[in-house]
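Trainee: Residue-level listing of the chains:
There are 2 protein chains.
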Amino acid sequence: MSESPQVTVDVPALSRLLDGEHAEVRNLVRKNLVEQADVLDDQVHLDATAFRERVKDVIQHMASTGATGLGFPQEHGGGGNVGASIAAFETLAFGDLSVLVKAGVQFGLFGGAVLQLGTKRHHDAYLRDLIEARLLGCFAMTESGHGSNVQHLGTVATYDVETREFVITTTTESARKDYIGNAAAHASHAAVFAVLEIDGESQGVHAFVVPIRDAEGHDLPGVRTGDDGAKMGLHGVDNGRLWFDGVRVPRENLLNRYADVSEDGVYSSDIENPDRRFFTMLGTLVQGRVSVGGAGVSASKVALTIAVKYALKRRQFGAPGSDEEELLLDYGLHQRRLLPRLATSYALHFAQEVLVAQLHQASTDPDYPERDRRALESRAAGTKALATWHATDSIQEGREACGGAGYLAANRFAALKADTDVFTTFEGDNHVLLQLVAKGLLTDYSTNFEELDQFGVARFVADLAVETVIERTAVHKLLERLRDVLPSSDDGSDEPTLLDPDYQLAMLRWREEHVLSGVARRLKRGIDGGTDPVAVFSQVQDHVIHAARSHMERLVLEAFTDKVAAASEDPNHDVLAAVRDLYALSTIEADRAWWMEHGRLSSARSKAVTREVNALCRRLRPVADDLVDGFAIPPEMLRAEMLEQGY
Amino acid sequence: MSESPQVTVDVPALSRLLDGEHAEVRNLVRKNLVEQADVLDDQVHLDATAFRERVKDVIQHMASTGATGLGFPQEHGGGGNVGASIAAFETLAFGDLSVLVKAGVQFGLFGGAVLQLGTKRHHDAYLRDLIEARLLGCFAMTESGHGSNVQHLGTVATYDVETREFVITTTTESARKDYIGNAAAHASHAAVFAVLEIDGESQGVHAFVVPIRDAEGHDLPGVRTGDDGAKMGLHGVDNGRLWFDGVRVPRENLLNRYADVSEDGVYSSDIENPDRRFFTMLGTLVQGRVSVGGAGVSASKVALTIAVKYALKRRQFGAPGSDEEELLLDYGLHQRRLLPRLATSYALHFAQEVLVAQLHQASTDPDYPERDRRALESRAAGTKALATWHATDSIQEGREACGGAGYLAANRFAALKADTDVFTTFEGDNHVLLQLVAKGLLTDYSTNFEELDQFGVARFVADLAVETVIERTAVHKLLERLRDVLPSSDDGSDEPTLLDPDYQLAMLRWREEHVLSGVARRLKRGIDGGTDPVAVFSQVQDHVIHAARSHMERLVLEAFTDKVAAASEDPNHDVLAAVRDLYALSTIEADRAWWMEHGRLSSARSKAVTREVNALCRRLRPVADDLVDGFAIPPEMLRAEMLEQGY
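Chains as they are written, first to last, in UniProt numbering: chain Z, 1 to 647; chain V, 1 to 647.
Calculated from the structure, these hints are not laboratory results.
Source: prediction; values computed, not measured.
Please note: incorrect hints may appear among the correct ones.
Derived lysine-lysine pairs resembling DSBU-like cross-links, with alpha carbons at most 30 Å apart [claimed, not checked]: (1) Z:313 with Z:524; (2) V:524 with Z:607; (3) V:607 with Z:607; (4) V:31 with V:313; (5) V:607 with Z:524.
Residues on chain V that point at chain Z, a partial pick, calculated with CB under 10 Å [what the hints assert, rightly or not]: (6) 267; (7) 444; (8) 447.
The calculated label-pair distances, taken between Cβ atoms and stated as ranges, are [unchecked claim]: (9) Z:20 with V:35: 37 to 47 Å; (10) V:464 with Z:607: 39 to 49 Å; (11) Z:227 with V:497: 35 to 45 Å; (12) Z:8 with V:265: 18 to 28 Å; (13) V:48 with Z:495: 56 to 66 Å; (14) Z:6 with V:370: 26 to 36 Å.
Here a beta-carbon is modelled for each residue, glycine too, at the ideal position from N, C-alpha and C.
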């Protein structure tokens, strides 16, 4: 048990460690947030129409500070630094989340489509105005009938060789563009994703820049815009719908980085396979998922900071005869509710840091290997899923831990909860994303994995030996070296301490390999046995999700462990190691049934994990306030009246 | 595995079974809901001020139909039927939840205080006007500084023998009344809970009827009312704050069923112990908790009905070569996400039915044994906790399962989620309630258990032999008879089928007894070892919660099992048995680590539980629509645009 010695925290050093190399950018954004702090009041008091305008103003003000172009090329007025741009976005997520999402739509999604899918003519035409928020755009991908399955969009673009124009049409009501941020009111342009048909033959989904409103904000001919109306949250974002009735745009409006249509209507692309082409295009938009994942981590930090500080102010019940009641955080249960979640926020922070560094490298290295790029996309998908679910969970627990006060809009949970709720859905439904992760693992990010749908993966795996699937995974190689670390459940003697990071990692690696090979075996057995691939996949699906989650949790723990190891000289080394232990052991505890079922955890040791989690909570209780202060969230962003009151 | 035979559902018979003996009342409320269905639109489109007035109008209209007085005595214009009044409230929870909560405040809390804590003079003066919603009142118990620990309220009432008045004062800012429904705008009267001091001596908390507003709605002298402002949800309820500055009310305004003060200022009560007196008073308000728990079950039904119906309309992804995509509910994962939760809604429905029947009996039987009354209060607390957490969880999963469409206010999740969020807090914080349940178990509902605070419980238990604690519990006696049913994990042979209800119950009973005795042992060991009771309790607290949850889950399964057994001739017997199996096994699965840790589940059998849960999901998939139709929620209440669209 880890009752002693007491850990201490050097808060400024902790903030420096967390802020990392982009501290300057983060502090610039913090300053912007504080200057615009009244937007948090406006969120409560303005009606939706007025608040949308307010949020637009904030975005345009932000653009004037240079904080919005960090990820764009310098020749177009940007900062040329993808890592910095994500750091800015993560920090922006401490503030109002309508501002965040509107910024994400404008600079990340619309800007990202123009930058990544377009070529010089689009960059020259749009980027500078876009970065400065003079040109507002939207990202018109999702349709009412197709969110996750983007390949089957119903919007169609044909080419009219006479006029050298593309003609864009919403073919059915379920093909209307839906939930599109910036579409209901503010966007003058849309990046429209549509199936390109040339001479009646589909070439798959492509993106087009389509003007949708004139200077007065009226719909352009053939375009119909609508409003999604009231939403659960994000009241400052004008989500809307778009219908296209034979809307014509010049041939040059095709975002033609990966494919083009000649004046006389001949289609060409360097990527022959239409599926691969589609996934290559989608892959360039990975930054959006990385950004949302980072925002999820930030939102969880805000929620847990408020909940921890409230638990250090609020007292309830007391020992008989004592005049003073007990602080909430002195209750073991309250520690249990907040501190493992706090450890998870730390863990995800460091995992996100690794992901951002990889993305930054990929964005600056034209020779970044294709396979690594696919692994990066997969990691981005998985991190987004874990981080946004963690946000939902932490905000919910934080609200409940603050009781009735947490329910009032004067405190921040109401907005945090309502605004973040859709994070688990947009930029990819989390369950669909985890299936993408599993697909990558099962196919070893092979060149054709993106083209395989879920049923195709089942067939693909069936064609391999299961051993092949497993031996190619990175974890398998690591595991060979670590086999000795991991005792079987029968072997009670000489067990490594639960606080041994090698042991913790070995546990997560062993689970990952075992779950993954189990999935491969079940898929293979089903297909070999002649079962319909659809039925096989459906029956194995929860196992597939477990494999992906096991993989992601291993990556997260590795990132945290590496960080602690690299911080051996840091004044906060010991406390970070304790937070890492709490993350690792509460993660193992949550799935301890699985390890017991598979003979890797004895019942006695399983109980010891629970005891150690409790002991770590007690150990970290005295530094809980320091740990949340380390996030350096501007106090104005906590906006929690309840923290100002005496109880 | 339970792949066959296929179960079928007789939907009208299922609705009759679920509606039970109060079908007529439920149908009356359904009719009212449909007539007032536009309140669901108003919830989205009206601003808070206008919506509050709208909700008040709905309440007053309801009162005119006779649906609001069911639980009050007939001589005062009521229906004299507590069971019917709760059935009405449960059904009302299919509709807008501001209406529900405002009705709960007016008729349940304020009305309940006058009825249960007052005597004939109060009943004569207030009940008829109150039932007919001509007199609007609020229930002023919670303060900013004291929600859970009501015994330590800061509001004080003294008696002025000169004027024969009570003088009520808010002694500190944290003693202001807070979150009080009806207080911000509509209430003319408040039932104020305050510590009564006579000659400088505290007699504990008592309730007083205090006029707070005049006929024009202005604060009366000495009273200050405030508005809690915007909240996460329940925008139609005017939650507010109250401050009292020496407010004087006649002596007769003390709600004097359990204690009185004579004209010359002498305090008297039939219950000598002030703690016991306090808990006796509180106990009479049990109906509020029963009502909120029932409303939680109803809210989960609405959410799961929408999510199931959407999953039977919406398609996404498809087998290669197939023109049609797959329905969401044909995915194994989607079944996993929705169907065990649906089974839990069924289980909680039947558990709630038992609870309501017990409450009804207690309310009509003046000789209802004291110990049973305490057990009933405990059961109400635990059911409320489980049901409201289930509501939060089902609504969240349902929203996510409906993707972006679930986020729009045009569908019902936005309101459902925001409005129900505080259910886990009001009428008692769920974690505090589960501790109350555990306290009852540990002390066998003994006459003094209510007076013991949590630290006192530790001391109490320490004074007993652990065996005494255990032997007195009901489950212990049941277990004796069932010991044979339960195989140990070593004994692989002759294991009963997982679908044997005796086995399922024996598992839950064994866990309850074992966890409870573990808590008793740990408390005793800590106290005997000289550890501070505060520290002992804090360290054992998560274990305490586990004991309470284990107890409640056993009661829920028993209620479901009894219902199925009694329905042997019902056309829906087999499908109900399958739903019961799904509830039982998914409950066991969720905590299977615990049974493995304690040698009651082998790893092979644990995996079999998971397989059986999946098989039951597949088995129930074809009747999922029938199972939600069985709830007989008026289609207007689903108010989900997404269910009307084609995809």
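Trainee: Indicate, hint by hint, whether the structure satisfies it.
Mentor: Status of the hints after comparison with the structure:
A threshold of 30 Å between alpha carbons decides the hint, and for residue 313 of chain Z with residue 524 of chain Z the separation of about 57 Å lies outside it, so the pair is violated. Annotation: proposed proximity of residue 524 of chain V to residue 607 of chain Z holds, straight-line Cα distance about 20 Å (limit 30 Å). With a C-alpha separation of about 20 Å, the suggested pair residue 607 of chain V and residue 607 of chain Z falls inside the 30 Å cut-off, and the hint holds. Among the hinted pairs, residue 31 of chain V with residue 313 of chain V is consistent with the structure: their alpha-carbon atoms are about 27 Å apart, no more than 30 Å.
The straight-line distance between the Cα atoms of residue 607 of chain V and residue 524 of chain Z is roughly 20 Å, inside the 30 Å bound, and the hint therefore holds. Taking 10 Å as the C-beta cut-off, the interface hint given for residue 267 of chain V is violated, the closest approach to chain Z being about 23 Å. For residue 444 of chain V, the suggested interface contact is broken, since its CB lies about 21 Å from the closest CB of chain Z, more than 10 Å. A least Cβ separation of about 19 Å between residue 447 of chain V and chain Z goes past the 10 Å threshold, and the interface hint is therefore violated.
Between residue 20 of chain Z and residue 35 of chain V the beta carbon distance is about 60 Å. The supplied range of 37 to 47 Å is therefore violated. A C-beta distance of roughly 25 Å is found between residue 464 of chain V and residue 607 of chain Z, which places it outside the suggested range of 39 to 49 Å. Remark: the range hint 35 to 45 Å for residue 227 of chain Z to residue 497 of chain V is contradicted by a beta-carbon distance near 55 Å. Our hint of 18 to 28 Å for residue 8 of chain Z and residue 265 of chain V is violated, since their Cβ atoms are close to 57 Å apart.
Here the CB-CB span from residue 48 of chain V to residue 495 of chain Z is close to 59 Å, well matched to the stated 56 to 66 Å. Under the hint 26 to 36 Å, the C-beta atoms of residue 6 of chain Z and residue 370 of chain V, about 49 Å apart, miss the expected range.
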